[in-house]
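*Asks:* One letter stands for each residue in the lines below.
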Amino acid sequence: MTTSTPAPDTTRPVTTASDRRADLPPRREHASRSSVWFTLLRHHLRLLRGGATAWILALTGISVGVVATFEDRYTTQAELDAFADLEGVPAFEAMLGRLVGLNTLEGGVLSRWGMFGILAAVWGMFAAVRLLRGAEEVGHLEQLRAGAITPRALLSSVVAALLATHLVLAVAIGVTHSAAGMDPATAWALGGAAGLLTACFAAAGTLASQLVSTRRRAVGIVGAALGISLGLRLIAAAGGTPDWVWWTTPLGWLGFLHEIDAAQLTVLGAYAVLLVVLLAAAFVLAHRDLHAGFLGSSDDTPRGAVRPIRGQASLARRLTLASSRTWGAVIGLLALTFGLLARDFSEAVADLPTMVELADAVGWLAIDTAEGIVAYTFTIIALLLAVFAVGQAVAIREEEASWRIEHLMVRPLSRTTWLATRIVHSLAAMVALALVAGVGAWAGTAIVGTPVSFVDALAAGLNTVSVAWLAFGLGIALVGVVPRLTAPLSYGLVLAAYLLDFVGGMLELPEAVLELSPFAHLASVPVVEMNLTATGVSLAVAALGIVVGLVAFRRRDLQEA
Amino acid sequence: MASTKVPVVRFDETTKKFGSLVALDRLSLDIDQGEIVGLLGPNGAGKTTTLRTLLGLMRPTSGRALINGVAAWDDPVTALAQVAYIPGDVAVWPQLTGGQILDLLGGVSGGIDEGYREQLIERFAFDPSKKGRSYSKGNRQKIAVIAALSTRAPLLVMDEPTSGLDPLMEATFQACLREAKQRGQTILLSSHILSEVEAVCDRVAVLRQGVLVEHGTLADLRHLHAHTVEATYVGTPPQLEGIPGVQDVQIADGAIRLQVAGSTDALIKALAAAEVPSIQLREPSLDELFHAYYEDDATERASA
Ligand SMILES: Nc1ncnc2c1ncn2[C@@H]1O[C@H](COP(=O)(O)OP(=O)(O)OP(=O)(O)O)[C@@H](O)[C@H]1O
Ligand SMILES: [Mg+2]
Chain A
328 MTTSTPAPDT TRPVTTASDR RADLPPRREH ASRSSVWFTL LRHHLRLLRG
378 GATAWILALT GISVGVVATF EDRYTTQAEL DAFADLEGVP AFEAMLGRLV
428 GLNTLEGGVL SRWGMFGILA AVWGMFAAVR LLRGAEEVGH LEQLRAGAIT
478 PRALLSSVVA ALLATHLVLA VAIGVTHSAA GMDPATAWAL GGAAGLLTAC
528 FAAAGTLASQ LVSTRRRAVG IVGAALGISL GLRLIAAAGG TPDWVWWTTP
578 LGWLGFLHEI DAAQLTVLGA YAVLLVVLLA AAFVLAHRDL HAGFLGSSDD
628 TPRGAVRPIR GQASLARRLT LASSRTWGAV IGLLALTFGL LARDFSEAVA
678 DLPTMVELAD AVGWLAIDTA EGIVAYTFTI IALLLAVFAV GQAVAIREEE
728 ASWRIEHLMV RPLSRTTWLA TRIVHSLAAM VALALVAGVG AWAGTAIVGT
778 PVSFVDALAA GLNTVSVAWL AFGLGIALVG VVPRLTAPLS YGLVLAAYLL
828 DFVGGMLELP EAVLELSPFA HLASVPVVEM NLTATGVSLA VAALGIVVGL
878 VAFRRRDLQE A
Chain B
707 MASTKVPVVR FDETTKKFGS LVALDRLSLD IDQGEIVGLL GPNGAGKTTT
757 LRTLLGLMRP TSGRALINGV AAWDDPVTAL AQVAYIPGDV AVWPQLTGGQ
807 ILDLLGGVSG GIDEGYREQL IERFAFDPSK KGRSYSKGNR QKIAVIAALS
857 TRAPLLVMDE PTSGLDPLME ATFQACLREA KQRGQTILLS SHILSEVEAV
907 CDRVAVLRQG VLVEHGTLAD LRHLHAHTVE ATYVGTPPQL EGIPGVQDVQ
957 IADGAIRLQV AGSTDALIKA LAAAEVPSIQ LREPSLDELF HAYYEDDATE
1007 RASA
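One line per chain: the protein sequences are A and B, in this order. What the first sequence shows, in this note's numbering, is residues 328 to 888, in sequence order. What the second sequence shows, in this note's numbering, is residues 707 to 1010, in sequence order.
Chain B extracted, bound-state conformation (with noise of 0.2 Å):
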């Protein structure tokens, strides 16, 4: 089904290189209709720079971006239409009222649908009325939020789109991608917040360094990591020695505490020899997935 449709969103061995530092190393990556995507990685990792090089702001040194099979760098009128976009930075018109902004972004965008705005400034809690320059940061977010949300595009594009909104605006966010999703739009995004990547996404995808070095969803990321067991036994302790994907293996007091990668029938073979009376098997915590990419990055880039 997918191959003889055109994806919503393509990265076909897109790279982007600043002189000589590589920001984004042949990233291939495709997004399907009413898919949620969120977009992981540290500082640094190419995350804006893959955004900016879909919407056609900045040229892929090689390889090709492509909303609904059209290069924004090409096309860009063919292929924004179909896009709302939140920047990363949102910088607003000091002397502009937000209601003049808000009427400004949706007329470049090519229209808007007002009473979903209205609904929407509404929902945020946003007051139009006042100036650029005196909106709070989490107010200037809002107006981004608004500004894209109400476009009803096909797609939305957002950089770290609740950066600064507070948690109740942040759960009115969230809210409005589900219903986003309901209605089929597709929204690729990028975040450090993992549990809001957890609540609303059905793919991550991870980059480090510009590299994309991890791809699905989120049970599927689970399922390639270490899971943590513990467990209690009552007399001799089990030979836990020498498991294919076992590692760290702590065991005192009638404890046993370890990591298991891949296949655990090796291990519950293992633990089976001896008295087991109760087991756990957990799976790792985002945090502890990304904790774990993080840090690899950061001894990465301080041996460099």
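Pulled out of the complex, with its shape left as it was, chain A reads as follows (with noise of 0.2 Å):
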């Protein structure tokens, strides 16, 4: 009486199944090894040929307009030592490094490189985290990883594409460098050293991606990696340090590449081994649970107590936060820092008119003083205040792109709303870093004692607060208009501006070019007052900006990434 029906039989005939497999096409397992590898190298290549384009030909071409132009601009002998007097001075190799022959083209030409090298280490360093662990972040790589290939093998196609661009960036300043007139063999031992620098950081975000679990953690631990090499090469260029602690940091090597023959061999040496040493970390690394990192437990449950989320102001509170407190030891610690040295640079530089009057000229002033040390310091918070600003943008495009926003949109809460809520955290956020590297600069002064003003202190650090308002600003038009240009427009943007600023004069741009960067318009404060025409006008645009953002967000589709 019972209905069940018989278990189907699931034991087949031996014969019979190995007939069937008979069916199935023959795998090229072998002849597929390298074709596999060769099939993933050219999808890598592939996702990083437009990033890798901008950033060689942005690269190469601020450092080729300043060999085209040296010529033209330094004239006279006398006009040329007087730059040599840079040399030694704490001040100026904090910012570029250890600088040797500025009399010449080639020590002019890789004394930029003090700047442009952390350029490429930064652009190095996120093509590798976006490759690796942001991949794997948002799921692409557990598809690839299934594929007939061993996670080695796959992590070596990424860093083989990722060195290929590298490589293109080396070759690309050789040839440009010496077909400019520069020495060839100082022109190739620059491109060298550029591509190896690039791909040591590259290679540290290669390492940092296995040790840590989130792109955000990865990018983290490379950025800390290069302020501590920066770090390292302020301590270096500190008056009495002695010579071998350029050799600490990767950034201070490049001031040894103008050293003719060894020196050149010994410098590509060691930007060889620590990529080396890097990799092999990251391929004994790579062998691990896929979504997982090799530091810190897969275990996320948090400790301690969670603080509630209870509306959408609380979230954007704590999204801003938490990306602000990194941003806020970072521009903390640098200013004050630069407060800590403020009285070793400005005496150093006292003792070199000629160097003043450079320095005034380009619109450093007064930097045999303390206030003008400041100043010129938050020259340098600006542009990494417009760099954060230019990040919240970027980050409240994201919560777009990653379709989170849908949870809040399908809410009684209106597009405006949460937008408005989320530009005004930011705006805050970046007055009270502006105000923290202020607190920071003060400090770092006093304890040396040389002290600027509390007040002078806050007032060169709120003056920075207009063109990261700006930045800003143009970074919400962005998401509201040309939402999946947000990120590479915003950061090239505040990018293009401060090089236009920094090279532009070098390159002797007409005027009214150099007047389109805002940094161009910042008053060196506390030195002198407030430019407070050019920051109303920031303001301005800033305010048009959020506007334009606003309105246009609120009239179109949302749209993914």
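Heads up, some of the hints might be wrong.
Stated by the list, open to error - Quick look at which bits of chain A chain B covers, simulated, 3 or more residues with Cβ under 8 Å: (1) 364–374; (2) 454–468; (3) 473–484.
Please keep in mind that the hints were generated in silico from the structure rather than gathered at the bench. Ideal placement from N, C-alpha and C gives every residue a C-beta, glycine not left out.
Take each chain as given, in its own frame, and dock them per the hints.
*Replies:* Laid out in structure tokens, this is it:
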């Protein structure tokens, strides 16, 4: 009476099974090993192509611009020799690295790489982390790792793609710089060093991507590594530190490049060794669980009390705070460091009247006083704040790109309210960071006994806010109008504006072009008063950008990544 | 026979821990060539972890997970050359077209059957010319399904392969699985859709909090569980107290309804004492079967 069906026979005769197996097409197992690898290499190159092209063009372009205009700019030997007086001056070596041979074309170009090298490092690090931890975080690596490939071979295909872009940078610099009249050996040494420096930071990003389980933390680790490298460069630059201290930081090695022959090979060799060590460590750690990192438990249960998030304002505060903390620490420490060094810097410069004049000419006023150094410090803080500002706009866009925003937008919350809430929090964060920098600079100068007045230091901080708000306003306008271009355009604009101010003078661009950069209008507070007109214009443009962003955001479709 | 042959899939006391959480607890399970095995279990039971561990995407904390006798963690190239995988969350590259993504995934699997892929694209009514970002959820799923099936890999591992597919596409997918089975391909899939498992799987394995709680053919599982008996009687109701395996007895107005687990012999003898004009014995539906597992899980979790 039971109606249950009998169990089907699941054991089949072996002969039938193997016959069936013959129906399957032969798998090209052995032939395919390398073809799998090359498929992946092509894929990663395709993902890298756009960004790498932009970076290579930008880095090569600004650097070859320096080469091409060098002779026009410094016509008399006296001018060149005055320039050479900067060698060994802490303030300048802190910014540009070890300075030698500044009265030569090669020395002049190499000194600029003290700055350009930081940009190259940033590119290397972001590209690597995006391709590795970023891809893993969004789920792309799961499908690739399930292919006929080992985790290490997969990693090697990513690394090969990254290194290929660095090689292109090296060759581009070598070819263009020697063509533009730089000594070929130094040009190619610079190309090699620039490529290897980028590669080293990409390797650091590769390693960090194995260490921690989120893109954010990986960027944090490499960012910290970059910060430490810069910090060591500051120490090496400070008066009285022995020459070997430059060797403790990869950002310091570039300074040995112009000492022809053996030194060039030593520098390239040092980069190569660092690269191999970082990559080896990354490869050792690469065979690990998907979505896991070597550091930190994969058990993500928070320790301690969890603060409730009771609404979108509360969420906005939480998200803004999380990103501001790290930036606050970085900016505060930087301001503190410069404050601590301000006395040494200004006193060293005071002995070099030609240099004070030169600096004056490019807008760094009174750098023979602590106030002057603080003012100069805030030109760098202004750039960092602008980058932070743009990062805030990108983070807001990311909320939409990731589609997390859907949870909020299907609830009784207007788009304008949501965006405005985020905007207000970000604007406030920028003010807070500017004040932190002011306090840091004040504390530094006070500790070494040449205090800048507290109010002056805060004013120097607040002076930078208008540029940050301007960058943010433009970012928000992009979020509203061309959301998918928010990150590349807004970072690109900030960088372009800064470079325009930084190298535009050297390139002798027309005044009207130079003045397009908001950084050019930033007054050297506290040496002089805040430029109220420029600040007013910046704030007005920022407000316009925000309004455009708010209106456009309300009127357009939400757009995924 | 089976003992002399290496099973296509072998879990041997496979354990996976995340910190103190035991996501998979000493799983032992063999799958032979040509079988279709369904992995069932409530959310968080460890299905995805099981599949990822098998594929070497995660290292077993202890025990082994083998494909054709090879641990994918140790030798992924050998092990995975025979496997195609559909992940649980299909993430596509927003900037690549569907066709580019299919090429990429085919290349990474080490080769595909191009003709079959064209046929699959046709059957799944998939448009490969669009950018990844513009695909709907179901279309993203189709990319993974087509990429996996077109490899004709001897072993197909699928994590909720039909999630997001419409009923028509689901039917197409099931037809593809049957054809794969015809060709002797082995399939391990996880699913929450019981009718799908019932339609295509030879065997099911049920996980609960990382533990394999049930394993066998669907018929086996049904046998293990209570059948529903519905009968009518005339006159004095039959005496049904204390019969082994009988529970939930409801007797009223000439109708009897009860559950019986195990042998029905004692129950039938007891019923024979009364006048019983009609009787119906119904095996539990798969839904009923699994509600039992899932509810136990929910109550255990609630009390924990
Ligand atoms: N990377 C990880 N880190 C920490 N815990 C994890 C990780 N992956 C899975 N877990 C935990 O392991 C357990 C099993 O998860 P798994 O994803 O395998 O469940 P599942 O059966 O696939 O569930 P679902 O039906 O929701 O897909 C869950 O408790 C989950 O929280
Ligand atoms: Mg799952």
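*Asks:* So, for every hint listed, does it hold in this structure?
*Replies:* Structure-based check of all given hints:
1. 364–374: holds (count 5)
2. 454–468: n = 3 at 8 Å, threshold three: holds.
3. 473–484: It holds: at least three residues are needed, and the region 473–484 of chain A offers 7 whose Cβ sits within less than 8 Å of chain B.
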